[in-house]
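Engineer: If you want the building blocks of each chain, they are given just below.
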Amino acid sequence: MNTTHVGQRTEQAAIEAINLCKSFRTPVVAGGKFAGVRSLFSREYKVKEAVQDIGFTVKSGEFVGYIGPNGAGKSTTIKMLTGILHPSSGSVRLAGVDPHTDRRRCASKIGVVFGQRSQLWWDLPVKDSYDILAHMYGVSDKDKNRRLDEFAGLLDLNEFWDTPVRKLSLGQRMRADIAAAMLHDPELLFLDEPTIGLDVNAKRNIRGFLKVLNEQFGKTILLTTHDMDDIEQLCRRVMVIGGGRLTFDGTTEELRRKIGLPTQIKVTYRDGYRLPEERLLSIHVVELGEHTLTVGVNRQKTRTMDILRELGHWGEIDDVEMHEPDFEEIIRQVYM
Amino acid sequence: MTQSTQMPNRTNRAIRRYIKLYLLLIRTSIRSRMQYRFNFALGSILAALIQLSEFLMVAIVLAKFGAVQGWSVYEIGYLFAVMTFSKTLYRTFGDEVHHLESYLVEGELDQLLTKPLPVLLSLMPRSFRLMLGEVIQGTAIMIWAFGGMLGSGQITWWAIPQTVFAILTGAVVLFAIGLATATCGFWTTRISMLQNMTEDAAQTAARYPLTLYPNWMGGLLLTAIPVGLVNYLPALYILRGELGIWVFPLLAAAACLALLLALRFWTFGMSKYQSTGS
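Note that the protein sequences, when read in sequence, are chains H and Z. When we follow the UniProt record's numbering, the leftmost residue of the first sequence carries the number 1, and every step to the right adds one. When we follow the UniProt record's numbering, the leftmost residue of the second sequence carries the number 1, and every step to the right adds one.
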C-alpha cells in the first residue's frame with residue numbers, strides 16, 4: 001500500500017468547519033383542541049440552538065473522534081459536514097469544496113456510515129448492493145472487484161456474500177456497510193456511531209479495519225461514538241461537543257491530562273479518622289461521613305500506593321473502594 | 001469553451017449510467033424475488049383475484065342498470081383497465097416516492113443525500129416492484145373490453161397504439177400527483193391521509209366516467225388532481241370519437257406540465273428539508 005502520498009498531496013484541509021451554527025425552529029402550540037392543525041399555521045416559534053459557532057480543521061490523514069452526550073449536537077454537526085443539512089450560518093469545506101452548494105460533487109469524495117441505518121438494499125444479496133452502488137458512483141467493474149477483494153479479506157465479507165441484507169447480523173451488516181461506503185474510494189470517511197450495539201468481537205473487527213484504512217490507505221476519518229475504547233484505540237485527536245459548543249479539541253493524551261482522571265476512593269475507617277492540616281495536593285475531599293471518607297485523587301500525578309499510604313495515616317483503614325470515572329463523567333468534566 | 005462542449009457528453013454519460021443502474025436493479029430484484037418463487041406466484045395470483053373482484057363488483061352493478069350515463073359496460077371496463085395499467089407503471093418505478101413517509105419518519109432520507117445523484121434519482125431505485133397480479137388483471141379486463149368493442153365495430157385496431165400512449169402519459173400524471181403529495185411530507189411528515197385523498201380515492205373515482213360526478217368535482221379531477229387525464233379524457237376520443245386528435249398532444253403537454261410542476265415543488269420541499277432537518 002502506498003503510504004507516502006499523504007505527504008505529497010497539496011496542503012489542503014480535508015475538513016474545514018468555519019463558525020458553524022444551526023438552529024431549529026419549532027412552532028409553539030398551546031395545548032387544547034385542534035393543536036395539531038393549529039401548529040401548521042402557528043406564527044410563534046421556539047428556537048433551539050443545536051450547534052453554536054463550531055470551528056475546526058481536520059488535516060488529511062487524521063483520525064478524529066467526535067464525542068459528546070446525546071443531544072449535544074454531534075449528529076447535527078455530522079449532517080452539516082456531509083451536506084445533509086444546511087447550516088444556519090457558517091460554512092463547511094471538504095477538500096476545498098462546499099457540500100451545500102456542490103453536494104453531489106462532495107458526495108463522490110466522501111463515504112458516510114450511519115450506525116443505526118443501512119445504505120444497502122434490504123432484500124438483495126450483499127453483492128448486488130455493491131453492484132448497484134458501483135454504478136451509482138461510476139466505479140468501473142475492475143476497480144470495484146479489486147477493492148472488494150481487499151475489503152473481503154479484511155472484513156470477512158465472503159461468509160455472507162450471497163445473503164440478503166435483512167438476514168445479516170448487526171455486526172455483519174455494519175461490516176458490509178463500511179465496505180459499501182468505501183467502494184468509490186473516498187478520501188474522507190464519516191462514521192456516526194459505527195460500533196453501536198455490537199459485541200466485543202465485532203467491535204474489534206471494525207476497529208481493525210478502520211485502523212488499516214487510516215494508517216495504510218491514508219484515509220481521513222471522523223467518527224462519533226459513545227465507546228471510550230473506540231477513542232483510545234483509534235483516535236489521536238478528540239473533539240468534545242457539549243450543549244452545541246466545542247468544549248475540547250486536542251489529542252487523547254491532552255484530554256486525559258486535562259481531566260486528570262479523578263478516581264474516587266471511598267475509605268471506611270474502623271474508629272473514625274482525623275483530617276490532617278496539611279495533605280497531599282492531589283487528594284481532595286469529596287464527602288465526609290462519620291466513619292467513611294470519599295476523596296478524589298489524580299492517579300496520573302500520584303501513585304495509588306502513595307495515596308493509600310497517606311490515607312492510612314489518617315486512621316485505621318477497614319475497607320477501600322475505588323471508583324473509576326466512566327465516559328459520561330469524563331465528558332461532564334470536560335464541559336467545566 | 002471546451003467545457004460547454006463537454007457538458008452534453010457528460011450528461012449523456014450520466015444518463016446512460018443511470019439507465020444501466022436501473023436495469024441492474026430490475027434484474028437483481030427479479031432474481032431475488034424468484035428465490036421465493038412460490039411466494040411470488042401466490043402473491044401475484046391473490047393480487048390479481050382481489051383486483052378482478054373489485055371490477056366484478058362494478059360489473060355486477062352495471063349489468064343491473066345496463067349502462068352508466070350512456071357508458072357501456074365495456075367502456076367502463078376500458079376506463080378501469082387503463083387506470084390499472086397507468087397505476088401499475090407508476091408504482092413499479094415510483095413505489096418509493098409513494099412510501100416517502102417512512103423515509104421521513106425514520107430519517108432514511110439523510111442517507112440518500114450523501115449520494116452523488118439528485119435525491120429523487122437515488123430514491124427511485126431503492127426498490128423495483130414487480131406487480132404481476134395487477135398486470136394480469138389489467139390485461140384480462142382490457143382484452144375483454146377490446147373484444148367487445150372491436151366486435152361491435154365501435155373501435156378499430158388503431159385504438160391499441162392510442163391506448164398505449166394514454167397509459168404512458170397517464171403513468172406520468174399519476175407519478176406527478178404522487179410526487180406532489182409526497183412532497184407535502186416535508187412539512188407534515190405524515191402523508192398517508194393526504195395520499196388516501198389524492199391518490200387512492202381519486203384513482204378509484206376515475207374508474208367511472210367523470211360525467212357521473214357533479215361538475216365541480218369532475219373539473220377538480222381534470223385540473224387540481226388530474227386523474228381524469230389518465231383514462232377519461234383519452235377514452236372520450238378513442239372510444240367515442242368526441243373531442244379530436246388534438247387530445248394526444250394535449251395529454252403529452254399536460255403530463256409534462258404536471259411533472260414539471262411536481263418536480264419544482266419537490267425541489268422546493270427538499271430545500272426546506274435540508275434547512276430544517278428531522
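Simulated from the structure, these hints should not be mistaken for lab results. Backbone N, C-alpha and C fix where the C-beta goes; we use that ideal spot for every residue, glycine too. Incorrect hints may have been included.
If you want a taste of the chain Z side facing chain H, the calculated C-beta under 8 Å gives, among others [unchecked claim]:
(1) Arg17
(2) Lys20
(3) Leu21
(4) Leu24
(5) Leu25
(6) Thr28
(7) Ser32
(8) Glu108
(9) Asp110
(10) Gln111
(11) Lys115
(12) Pro116
(13) Leu117
(14) Thr189
(15) Ser192
Engineer: Hints the structure violates: just list their numbers, smallest first.
Structural biologist: 14, 15
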